[in-house]
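Visitor: Going down the list, the protein sequences come from chains A and B.
So the first sequence is numbered by this note's numbering: it starts at 1 and just counts up by one.
So the second sequence is numbered by this note's numbering: it starts at 1 and just counts up by one.
What the hints contain is simulated information worked out from the structure, not anything from laboratory work.
Where hints are given, some of them may not hold.
Because identical chains cannot be distinguished in the list, a pair is counted as satisfied if it fits within a single copy or across any two copies.
As the list claims (entries may be wrong) - Below are the DSSO-like pairs computed for lysine-lysine, each with C-alpha atoms no more than 27 Å apart in a straight line:
1. K319 - K267
2. K298 - K390
3. K267 - K140
4. K286 - K386
5. K390 - K286
6. K350 - K405
7. K405 - K153
8. K386 - K210
9. K360 - K286
10. K267 - K324
11. K298 - K386
12. K350 - K267
13. K123 - K300
14. K267 - K125
15. K405 - K298
Number of protein chains: 2
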Amino acid sequence: MKATGVIVEYNPFHYGHIYHLEQAKKVSGADVVIAAMSGNFLQRGEPALVSKWARTEMALNGGIDLVFELPYAFAVQKADTFANGAVSLLSAAGCSSICFGSESGDIEGFYDTYRFLNQHDEKYKAAIHAFLQQGNSYPKALSLAFASLEPDKHLIDLTKPNNILGFQYVTAAQKQQASLKMATIKRKNADYHDEQFTSSPIASATSIRKALFSRTNEGSAIQSYVPDDTYRLLTSYQRSFGSFHNWENYWSYIKLLLLQTTAEELKDIYEMEEGLENRFLALAAKAESFSEFMNALKTKRYTWTRLQRALTHILTRTKKTDVKMAEEKVSYLRLLGMTRNGRAYLNRYKKEISLPIIVKRASFDDPLIRLDSKAARIYAMGLPQKYRQKALELEFSQQPLYIEKK
Amino acid sequence: MKATGVIVEYNPFHYGHIYHLEQAKKVSGADVVIAAMSGNFLQRGEPALVSKWARTEMALNGGIDLVFELPYAFAVQKADTFANGAVSLLSAAGCSSICFGSESGDIEGFYDTYRFLNQHDEKYKAAIHAFLQQGNSYPKALSLAFASLEPDKHLIDLTKPNNILGFQYVTAAQKQQASLKMATIKRKNADYHDEQFTSSPIASATSIRKALFSRTNEGSAIQSYVPDDTYRLLTSYQRSFGSFHNWENYWSYIKLLLLQTTAEELKDIYEMEEGLENRFLALAAKAESFSEFMNALKTKRYTWTRLQRALTHILTRTKKTDVKMAEEKVSYLRLLGMTRNGRAYLNRYKKEISLPIIVKRASFDDPLIRLDSKAARIYAMGLPQKYRQKALELEFSQQPLYIEKK
Chain A
1 MKATGVIVEY NPFHYGHIYH LEQAKKVSGA DVVIAAMSGN FLQRGEPALV SKWARTEMAL
61 NGGIDLVFEL PYAFAVQKAD TFANGAVSLL SAAGCSSICF GSESGDIEGF YDTYRFLNQH
121 DEKYKAAIHA FLQQGNSYPK ALSLAFASLE PDKHLIDLTK PNNILGFQYV TAAQKQQASL
181 KMATIKRKNA DYHDEQFTSS PIASATSIRK ALFSRTNEGS AIQSYVPDDT YRLLTSYQRS
241 FGSFHNWENY WSYIKLLLLQ TTAEELKDIY EMEEGLENRF LALAAKAESF SEFMNALKTK
301 RYTWTRLQRA LTHILTRTKK TDVKMAEEKV SYLRLLGMTR NGRAYLNRYK KEISLPIIVK
361 RASFDDPLIR LDSKAARIYA MGLPQKYRQK ALELEFSQQP LYIEKK
Chain B
1 MKATGVIVEY NPFHYGHIYH LEQAKKVSGA DVVIAAMSGN FLQRGEPALV SKWARTEMAL
61 NGGIDLVFEL PYAFAVQKAD TFANGAVSLL SAAGCSSICF GSESGDIEGF YDTYRFLNQH
121 DEKYKAAIHA FLQQGNSYPK ALSLAFASLE PDKHLIDLTK PNNILGFQYV TAAQKQQASL
181 KMATIKRKNA DYHDEQFTSS PIASATSIRK ALFSRTNEGS AIQSYVPDDT YRLLTSYQRS
241 FGSFHNWENY WSYIKLLLLQ TTAEELKDIY EMEEGLENRF LALAAKAESF SEFMNALKTK
301 RYTWTRLQRA LTHILTRTKK TDVKMAEEKV SYLRLLGMTR NGRAYLNRYK KEISLPIIVK
361 RASFDDPLIR LDSKAARIYA MGLPQKYRQK ALELEFSQQP LYIEKK
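Okay, chain A solo, but in the shape it has when bound (with noise of 0.2 Å):
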């Protein structure tokens, strides 16, 4: 059995994973797909819609066989680190390939661009302190210094979002020298960042969060854009835990965080850096919800999801110290769901996998799976009051999710 592997945050799963996956499959000419997914708190600095649970089974039903977690520590990060703890998961669990969604769609060009930016890589790191010197935001000070290094036209665009995922893939897939083929889909119709519907039925995994939490309707007005089971998935969710989380159901935390930590403790948080603590200090003492303070905190220094890892670190209290275990490759494999594809694959190839695949949290202990339990005991805050032990317990006696189908 051959595996492929994607990374992934379903965050809610859509038409555009579907595609995704069809894709994965014909390309790869795998029997097998394993999703490394992110937990409650994903990499643009937000609680995941729902849980982690809700959403492998999504991903179970939407055409993945294994579900495996990546931990927070790689998670909730840059690219890089990001990049290198999923590819270091795909790798460990067997797959042959990793197939991603890009802008570009052509995989040689990301190769190019490896080799261009080695070769000029004194030029390239020069150029990025400067554009940085000069109050760029990290990844604007990357695709201004690629730009001013006039790269040929086949190169990848590196200020698309997935293009820069994806060369972050391909680059830990070759530091890591792991024997992974590289493959990428072109991403059809919606954009990353939309926040509008288009008349296509692909929506962007932004504008369904968009729709789910406006005030005027209630989930309905998503029903066309996503699949029936995520719309199922999502509605029993809301009515099982008494809401979808949302950055506002964690502002009052944040807050009260932000009026007891003194600028020396915070300066401790991952992500915190040169000065930042008082601004944020300075701010949230006036702010009066998550949106206003975020208004009030963006600059062009600094992207958004930078500002809300860094909030994402304050809230789970993540420090600076805590994250040094993400410099190396992921040390396990929390199974959060499969199908009997899956489990075939599993049973077959367990002998071969070097990492322990980790089926019951509560025997099994870690410092990285300590941080995703005290994210999920902190997830379940932004529920209301009734339903948070119910959520809570899940994280430790949740046995991974089993599909019958396929």
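Got chain A; can you put chain B on it based on the hints?
Guide: Same frame as chain A, now just chain B:
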């Protein structure tokens, strides 16, 4: 003009307090009554039912001429430090006497007890130590140690809560060598901790709060047990700010803080001692409400009050190092309110008052008052979101209340 001092919390102001003030004026022969009043959080480690401003208004309407705020570092404290702060405040404000309510009502008994314990100091301390070692709470050990000295009958009963506090006031005045005459008034009817209303109109503050927080009655049940003015101010506060302040309102914050903090960090918090931090962490993860948490937390070794104070310090992140300043006397007098009579007193004696009198919070800085402002910000977080900013602004912009009458 002659001033007498009282040490109060008025949570809320009730008929027992009116009696106390009438008696205080009679016994002291004073023209002016000055209150040292706790701010947002109280000696028993709980948020005040309503703001310091609403309670100041009750105080002024009820017979107090000048209200000064006892800073947080002294207010949320063990009886001895609390007493030390309050006595130093009233002494600095120029009081020639302090009148406190007690179960005993006999001031000579307090002085005799003070001398008696000084004479038996070594034996007393050894006995306290021994009773603490047996797992008793500190107040219990004090009272057992006292009994073990076989005191004369005319000494005061140091198992009664108001006698204990009064004894600390007398002790503080002696130690500070304050030229203050101490006087005590026998409390009428209601015991400090009474939870039930009795037939007497003098209900305890505890029973009034209990009635206010019960689900079945919405305030009107207390109408006949509190002065009209208290009733008016309580209902007006609830209308203007959406809620009274109750520990349950802060439970989610406490839970989040305990979920994200390590035992090591918790140890730095004031009044967290002797492995208490591990107990806090373990029980918080399971508890679903403040009362559930407190009931699980309670042991013979720690009084409810002591545990609540530790939780208040967790909520405000008040560290052991932050309250070092409470080893000294108060360093300023923050004026919360005055009557015409109180203003006349201030105008006449302000040159003789050596401490700065703070009228505008915003134009004064001091580590003690910074702690009060932090407490005020966090106190406001116990209100529904839309009322918080309004509540908080009062801390910084509210002028001392002024009342014409008298």
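Visitor: Which of the numbered hints are not met once you compare them with the structure shown?
Guide: 7, 12, 15
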